[in-house]
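There are 2 protein chains.
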Amino acid sequence: MTSERETIDILPNSTDLLRLIAEGDVAAANAFFDLLDASDTVLVMSRLPSESRTALLSIIGAERGAKLIENLPEPQLIEAVEDLTPYDAAKILEEFPSDAQADVIGGLDIDAATAIIEELRTEDARDVARLTSYDDSVAGGLMVTEYLSYEEGKTVADVIADLGHNAETYADYDIQYAYVTDHTGVLSGVLRMRDLLLAPRLRPLQRIMIPSPQSVRDLLPLEELVRFFDQNKFFGAPVVDENGLLVGVLQRSAVEAAVADDLDAMYRSSQGIVGGEELRSMPLLLRSRRRLSWLSINVVLNLIAASIIAFNQDTLEAVIALAVFLPIISDMSGCSGNQAVAVSMRELTLGVIRPTEIARTVLAEAALGVINGLALGLLVGVVALLWKGDMWLGLVVGCALMANTIVAVCIGGAVPLILKRMKVDPALAAGPILTTITDMCGFFIVLTLAKALIDKLA
Amino acid sequence: MTSERETIDILPNSTDLLRLIAEGDVAAANAFFDLLDASDTVLVMSRLPSESRTALLSIIGAERGAKLIENLPEPQLIEAVEDLTPYDAAKILEEFPSDAQADVIGGLDIDAATAIIEELRTEDARDVARLTSYDDSVAGGLMVTEYLSYEEGKTVADVIADLGHNAETYADYDIQYAYVTDHTGVLSGVLRMRDLLLAPRLRPLQRIMIPSPQSVRDLLPLEELVRFFDQNKFFGAPVVDENGLLVGVLQRSAVEAAVADDLDAMYRSSQGIVGGEELRSMPLLLRSRRRLSWLSINVVLNLIAASIIAFNQDTLEAVIALAVFLPIISDMSGCSGNQAVAVSMRELTLGVIRPTEIARTVLAEAALGVINGLALGLLVGVVALLWKGDMWLGLVVGCALMANTIVAVCIGGAVPLILKRMKVDPALAAGPILTTITDMCGFFIVLTLAKALIDKLA
Numbered sequence: 030m031t032s033e034r035e036t037i038d039i040l041p042n043s044t045d046l047l048r049l050i051a052e053g054d055v056a057a058a059n060a061f062f063d064l065l066d067a068s069d070t071v072l073v074m075s076r077l078p079s080e081s082r083t084a085l086l087s088i089i090g091a092e093r094g095a096k097l098i099e100n101l102p103e104p105q106l107i108e109a110v111e112d113l114t115p116y117d118a119a120k121i122l123e124e125f126p127s128d129a130q131a132d133v134i135g136g137l138d139i140d141a142a143t144a145i146i147e148e149l150r151t152e153d154a155r156d157v158a159r160l161t162s163y164d165d166s167v168a169g170g171l172m173v174t175e176y177l178s179y180e181e182g183k184t185v186a187d188v189i190a191d192l193g194h195n196a197e198t199y200a201d202y203d204i205q206y207a208y209v210t211d212h213t214g215v216l217s218g219v220l221r222m223r224d225l226l227l228a229p230r231l232r233p234l235q236r237i238m239i240p241s242p243q244s245v246r247d248l249l250p251l252e253e254l255v256r257f258f259d260q261n262k263f264f265g266a267p268v269v270d271e272n273g274l275l276v277g278v279l280q281r282s283a284v285e286a287a288v289a290d291d292l293d294a295m296y297r298s299s300q301g302i303v304g305g306e307e308l309r310s311m312p313l314l315l316r317s318r319r320r321l322s323w324l325s326i327n328v329v330l331n332l333i334a335a336s337i338i339a340f341n342q343d344t345l346e347a348v349i350a351l352a353v354f355l356p357i358i359s360d361m362s363g364c365s366g367n368q369a370v371a372v373s374m375r376e377l378t379l380g381v382i383r384p385t386e387i388a389r390t391v392l393a394e395a396a397l398g399v400i401n402g403l404a405l406g407l408l409v410g411v412v413a414l415l416w417k418g419d420m421w422l423g424l425v426v427g428c429a430l431m432a433n434t435i436v437a438v439c440i441g442g443a444v445p446l447i448l449k450r451m452k453v454d455p456a457l458a459a460g461p462i463l464t465t466i467t468d469m470c471g472f473f474i475v476l477t478l479a480k481a482l483i484d485k486l487a
Numbered sequence: 030m031t032s033e034r035e036t037i038d039i040l041p042n043s044t045d046l047l048r049l050i051a052e053g054d055v056a057a058a059n060a061f062f063d064l065l066d067a068s069d070t071v072l073v074m075s076r077l078p079s080e081s082r083t084a085l086l087s088i089i090g091a092e093r094g095a096k097l098i099e100n101l102p103e104p105q106l107i108e109a110v111e112d113l114t115p116y117d118a119a120k121i122l123e124e125f126p127s128d129a130q131a132d133v134i135g136g137l138d139i140d141a142a143t144a145i146i147e148e149l150r151t152e153d154a155r156d157v158a159r160l161t162s163y164d165d166s167v168a169g170g171l172m173v174t175e176y177l178s179y180e181e182g183k184t185v186a187d188v189i190a191d192l193g194h195n196a197e198t199y200a201d202y203d204i205q206y207a208y209v210t211d212h213t214g215v216l217s218g219v220l221r222m223r224d225l226l227l228a229p230r231l232r233p234l235q236r237i238m239i240p241s242p243q244s245v246r247d248l249l250p251l252e253e254l255v256r257f258f259d260q261n262k263f264f265g266a267p268v269v270d271e272n273g274l275l276v277g278v279l280q281r282s283a284v285e286a287a288v289a290d291d292l293d294a295m296y297r298s299s300q301g302i303v304g305g306e307e308l309r310s311m312p313l314l315l316r317s318r319r320r321l322s323w324l325s326i327n328v329v330l331n332l333i334a335a336s337i338i339a340f341n342q343d344t345l346e347a348v349i350a351l352a353v354f355l356p357i358i359s360d361m362s363g364c365s366g367n368q369a370v371a372v373s374m375r376e377l378t379l380g381v382i383r384p385t386e387i388a389r390t391v392l393a394e395a396a397l398g399v400i401n402g403l404a405l406g407l408l409v410g411v412v413a414l415l416w417k418g419d420m421w422l423g424l425v426v427g428c429a430l431m432a433n434t435i436v437a438v439c440i441g442g443a444v445p446l447i448l449k450r451m452k453v454d455p456a457l458a459a460g461p462i463l464t465t466i467t468d469m470c471g472f473f474i475v476l477t478l479a480k481a482l483i484d485k486l487a
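Chains as they are written, first to last, in the numbering used here: chain A, 30 to 487; chain B, 30 to 487.
Just chain A, with the same shape it has in the complex (with noise of 0.2 Å):
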């Protein structure tokens, strides 16, 4: 992030862009570029408006527009493609890799899509057809279709001819292996660039293939892929069809990002970002109804927590000073169980813990619970106490803390793999579902505490 320079001197409206943009001067919008580095390029394209991100796209060129737009926010990617004529867009999308052409076209509407697919490079269309076909987290939907096969009689001769002749469409494949098929398409090995280059020219390809090659099924989930290339050293692997076909080549690195993907959507999921992400030049109510519907959700779950302070409103009446303390009682329940929260999901993601062992975790969470709420019970309870000057009030409210505190991490470690075994999303869920719990806890503790012990506070 180069944080310390100015920004105003790039920004599309400050500058001419828009002007070359209207004129159609090419020639100089391409020299106005050619002084941005990619973090520029992204922050110029991402504000530009859409008309002229539109009239650019379609004057300066696929391969430059290609490379104007690739880096940007995927929800902005979608948008300049859908806005320009099918014929531009498949020019532009003809100069992705494979997945990155899957992705934008998945991401349109229908209609948008079939209308740029028709207008595609015949093998392009249907390798797009191929991948948009499958979910984005299986390893069909993750592998790329640029690859070499070859079929099993050709020979190491025919190979070469092969690479020589197509030099330019290889230029940007991984070509350390090749792989090698029957005559029906049939995966039967794979073919190392460096055995090939000892091997006899005429020799066939059967005769320097691995045989029965390790491969991954098109459907295999995200978590089995990492699993995978955990097990396996290898920088790519075939991908097959549940007949055996080959249908792609999927990379470590593409693997990688797509764990990144999940690391990002849990964090934001967490943090109360669902239904999408959201950029701030996205429509402004689009952005409030995403978050309104998650805090709709936590604001009923909040009114029925309160709904305890409300029952016991008598006793907060004869004891004010309760009330100071109870958003802390609720916050801090929160904070410590968000850490068991987050224990859990890193145990489950790393699988040191199976979602079924809840009676372990809650054990392992209660024992740190009986530490940390007496630290945390005493250090508020003796402040309840110097500030009052009574002791009864003191013992009340970290009593209170200490209490809800076991409960906070038991629940926060819990809930992450009740979630799991239920097929929900535990990031998503897992922090409202803690703080109500925590809350109702928390205040019903403190105050049928007090209550109990009305006659020494009053």
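Read the hints as simulated data drawn from the structure, not as lab findings.
All residues carry an ideal CB built from backbone N, CA and C; glycine is no exception.
Take these hints with a grain of salt, some might be off.
[Unchecked claim] Chain B side only, calculated, beta carbon under 10 Å to chain A, not exhaustive:
#1 Ser68
#2 Glu108
#3 Met222
#4 Arg232
#5 Arg236
#6 Ser282
#7 Leu324
#8 Ile338
#9 Ala339
#10 Ala404
[Said to hold, decoys possible] If you want the footprint, here are the derived chain A segments under chain B, 3+ residues with CB under 8 Å:
#11 108-122
#12 154-168
Place chain B on chain A using the hints.
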């Protein structure tokens, strides 16, 4: 996650694995692990008592031993290596790729690290020394030292002969590219394997290499590396030091994995797991202390925020119903603010906002805050009205929540940018700062409003 499966049958204490280890029955231990898949192996190894783990690793052979521990969570992997004799540890680590070797050795204390490095093969020791001298988040700390390099005077035939002689060593290398250096080791070109195939055998590398190849400096930070691989569709890039000497190769997948690690750390920080990763297998007091370091800051901030309530206790005493709404205002403002934090974090990562653009962010959030504040304020205000039949109570509570929602989203949006400029980790600090300010504001607004309208409310 094989959530449905019962775990009891594969856990070490329910099997005879411990007995096999005690008896030193290597064949039976091998047979035991042959039956486990990768995820079961992680689970079993992560729960094996440390003496048994050490005994197992010292008898089962380096190659199998490396497989048993390579997928353990890093803290457990480091502990497992630390418990071995330096000789056993070195033999196992020699089975790891250089970046993984460096990660483990970099995590050991200095004496243990030195003892193990002394037992390593000379070239491994040299590579580890080089890699551990770099920070984990720069190219030098993420690169591998397993790559092919040749001096520019060599011929195609020399390379082919070398590939043939060292096929075993190169088995796990990414050899799509070989790197070409001058006689001092300065990177001068990149050699594509397929160009080797097409070239006459006696041609010197100088004539078929791609000269002046793109490379990354060893000290380039992760952020810049992400940008480099966004701009360049390479699967790997040569890493050079300040003198242009080739020191390693950085793979795209290593950069993607480092991004995932960063996102994971961001999620943990935002949930209050700080000072290092936590696994429940770690000592209770260490876990407790790390969590308390975070909680103790929060409890102090909470007490400061609650002091606003304490100062307005007379108002609260007059309108006790307000006590029910204080935790709701606190919690809902926290939720709204955290959403804004998440969006700012995301926009920073994507590069569509600069840390300097605070006004822009606050404006975008304020607009949204008005809408969401109205919606939430109306809902909670109506609940207050219906509950007590008191329009004024509804008005006070509703207006306070509305106003504080606007405050919360503005602060939530701005804080990550400000922290980024101050070079403080936003994931770590944004939450506590946000909730403290919004709590104080929220309590202040509701109690001040109530005080002003005390005649109507009482």
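Now the hints, each set against the structure:
1. Ser68: Cβ of Ser68/B sits 5 Å from chain A, so the hint holds.
2. Glu108: 13 Å, violated
3. Met222: For Met222/B, the interface hint holds, since the closest Cβ of chain A sits about 4 Å away, which is under 10 Å.
4. Arg232: Not OK, violated: Arg232/B not within 10 Å of chain A, min 14 Å.
5. Arg236: 16 Å, violated
6. Ser282: Check passed: Cβ of Ser282/B comes within 4 Å of chain A, closer than 10 Å.
7. Leu324: Holds, about 6 Å.
8. Ile338: 5 Å, holds
9. Ala339: OK, holds: Ala339/B within 10 Å of chain A, min 5 Å.
10. Ala404: At about 6 Å, which falls below the 10 Å cut-off, the nearest Cβ of chain A leaves the hint on Ala404/B intact, so it holds.
11. 108-122: violated (count 0)
12. 154-168: violated (count 0)
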